[in-house]
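For the sequence shown, this note's numbering begins at 49 and goes up steadily by one.
The hints are simulated quantities; they were obtained by calculation from the structure and are not laboratory data. Just so it is clear, the structure is predicted and the values come from calculations on it, not from any experiment. Mixed in with the good hints, there may be bad ones.
Unchecked claim - Heads up, simulated SDA-like pairs for lysine to any residue below, C-alpha to C-alpha not over 20 Å straight-line:
1) Lys88 x Gln102
2) Lys60 x Lys316
3) Lys183 x Ser86
4) Lys60 x Phe76
5) Lys125 x Ile140
6) Lys289 x Gln196
7) Lys138 x Trp103
8) Lys105 x Tyr92
9) Lys298 x Asp146
10) Lys105 x Gln87
11) Lys105 x Ala184
Unchecked claim - So the derived label-pair ranges between C-beta atoms look like this:
12) Gly229 x Gln87: 24 to 34 Å
13) Lys309 x Ala153: 27 to 37 Å
14) Glu302 x Glu135: 30 to 40 Å
15) Pro227 x Pro136: 38 to 48 Å
16) Pro203 x Ala90: 43 to 53 Å
17) Thr94 x Glu322: 34 to 44 Å
18) Tyr99 x Ala153: 46 to 56 Å
A virtual CB, placed ideally from N, CA and C, is assigned to each residue, including glycine.
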Amino acid sequence: MQEQFLHLTPDKWQALIPPSDEFSAEIFMMKNLQYIMSQKNAVYHTQQTFYKEQWQKIPFIIGVTGSVAVGKSTFAKKITRLFERLEPDKKIAQVSTDGFLMSNAELKAKNLMDQKGFPVSFNWDAFSTFLSSVKASKERVPYRLYSQEISDLVPNEVGSVEQPDVLVVEGINLLEVPPNGQAPPSDFLDYVIYLDASEEDLERWYLDRYHLMLEINRNNPDNYFYQWAHVSREQADIFAKKVWRDVNLKNLHEYIEPTKKRADMIIKKYGNHEISDMYIKKF
Numbered sequence: 049m050q051e052q053f054l055h056l057t058p059d060k061w062q063a064l065i066p067p068s069d070e071f072s073a074e075i076f077m078m079k080n081l082q083y084i085m086s087q088k089n090a091v092y093h094t095q096q097t098f099y100k101e102q103w104q105k106i107p108f109i110i111g112v113t114g115s116v117a118v119g120k121s122t123f124a125k126k127i128t129r130l131f132e133r134l135e136p137d138k139k140i141a142q143v144s145t146d147g148f149l150m151s152n153a154e155l156k157a158k159n160l161m162d163q164k165g166f167p168v169s170f171n172w173d174a175f176s177t178f179l180s181s182v183k184a185s186k187e188r189v190p191y192r193l194y195s196q197e198i199s200d201l202v203p204n205e206v207g208s209v210e211q212p213d214v215l216v217v218e219g220i221n222l223l224e225v226p227p228n229g230q231a232p233p234s235d236f237l238d239y240v241i242y243l244d245a246s247e248e249d250l251e252r253w254y255l256d257r258y259h260l261m262l263e264i265n266r267n268n269p270d271n272y273f274y275q276w277a278h279v280s281r282e283q284a285d286i287f288a289k290k291v292w293r294d295v296n297l298k299n300l301h302e303y304i305e306p307t308k309k310r311a312d313m314i315i316k317k318y319g320n321h322e323i324s325d326m327y328i329k330k331f
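Given these sequences and hints, build the entire structure.
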C-alpha cells in the first residue's frame, strides 16, 4: 500500500499551505478537495467543448468512511461547513448511509439483526439508485431518514437532495463491493476519505458515545438506550463491549478495513480525534 500512497506527516502537510489563523488539517484537506473538484469541472468543460454538447451540472460527491465510532458524521459536518463558508456560491448537501440500512423489522424477519451494519444488512439497490439519480442531477432525490433515538428508519419520513453542487456522503459501506452485481457506490463517488484510528481508540470512543446516549435517554422510555440506562453501569458496559466485539469489530476486520486501500485519502487520527498523518493515493 505504501507505493500507492503519498505519506504526509503533520510537518509535511503544514508546509503545503500558507500560515493563517486556521492553520489546520481540515484547511489542507479542503484545499485538496477544491483542487480535485476544479480538475473534474475542467474535464467536464473540455468534454462539452469537444462534443459540442451541453449537459446539466454534475455534482461532486465526496465520501467519508471508516469504522463505527471513528467520527465520520462529525468529520462530514466539518467538510460541509467549510464548503459552505469557502464556496458560498455552491449548494452543499450531506447524507448518511444509515438511511439505506434495512429496517429493524426487515432485519428481524431475515434473522440479520446481529449483522446490522454489515454489507448484508444494506439496501444496495436503493443506494445505487440514489447516487445515480444525484449524479444525473435529478431535481429531487428522496432518501429514508434514520433515527439514532430509535436505532431504526423513521416510519413514513423522507429527506431529499435537490441538485447540489457538492454532496457529502458518510457511512461505513462506501468502498464495499455489493453482492449480486449491483453497482458499487465508488462508481459514483469523486473522492473518498477513509478515517483511520487504533482499535483501542475506536473502542474507547464507542463506549464514550454509548455512555453519553445512556445519560441523554435516561428519561426517554421510547429510546433504545433507555433499558441500559436503568441497569448497573457494569451490566451496561458488558453488553456494550459484547456488541463492540461481536458486531462492530468483526465488521471492521472483515469488511471495512480491507477496503481502506481503495480510498483516495486515508486520514490517521490521534486519541483526541486530532488529525495526525495523511495518505493520498497516487495511482
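Status of each hint after checking the structure:
no.	hint	result
1	Lys88 x Gln102	holds, 16 Å
2	Lys60 x Lys316	holds, 14 Å
3	Lys183 x Ser86	holds, 17 Å
4	Lys60 x Phe76	holds, 11 Å
5	Lys125 x Ile140	holds, 11 Å
6	Lys289 x Gln196	holds, 19 Å
7	Lys138 x Trp103	holds, 18 Å
8	Lys105 x Tyr92	holds, 9 Å
9	Lys298 x Asp146	holds, 18 Å
10	Lys105 x Gln87	holds, 14 Å
11	Lys105 x Ala184	holds, 8 Å
12	Gly229 x Gln87: 24 to 34 Å	holds, 31 Å
13	Lys309 x Ala153: 27 to 37 Å	holds, 36 Å
14	Glu302 x Glu135: 30 to 40 Å	holds, 38 Å
15	Pro227 x Pro136: 38 to 48 Å	holds, 41 Å
16	Pro203 x Ala90: 43 to 53 Å	holds, 45 Å
17	Thr94 x Glu322: 34 to 44 Å	holds, 39 Å
18	Tyr99 x Ala153: 46 to 56 Å	holds, 48 Å
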